[in-house]
Amino acid sequence: MTIYPAIDLRNGKCVRLFQGKADAETVYFESPLNPALNWKEQGA
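According to the numbering used here, the sequence shown is numbered sequentially starting from 66.
FYI, nobody ran anything at the bench for these hints, they're computed from the structure.
Estimated spans, in silico, between C-beta atoms of each pair:
#: 1; residue 1: LEU102; residue 2: VAL80; range: 14 to 20 Å
#: 2; residue 1: ALA89; residue 2: THR67; range: 30 to 36 Å
#: 3; residue 1: GLN84; residue 2: GLY108; range: 30 to 36 Å
#: 4; residue 1: ASP88; residue 2: ALA109; range: 27 to 33 Å
Derived lysine to any residue pairs resembling SDA-like cross-links, with alpha carbons at most 20 Å apart:
#: 5; residue 1: LYS105; residue 2: TYR69
#: 6; residue 1: LYS105; residue 2: GLU95
#: 7; residue 1: LYS78; residue 2: TRP104
#: 8; residue 1: LYS78; residue 2: SER96
#: 9; residue 1: LYS105; residue 2: PRO70
The model shown is predicted, which means the values in this text are computed figures rather than measured ones. For each residue, glycine too, the CB sits at the ideal point set by N, CA and C.
Throw the hints in and build the complete structure from the sequences for me.
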């Protein structure tokens, strides 16, 4: 099985929307570069 990391982007930030609602978002990273580099270091 192959697992692909995924991120949601909104206004240039990594976010999660609660039930897909744009007014209920949680920002996880200010830049998508941070998790991408972390995944690369881990071999993703």
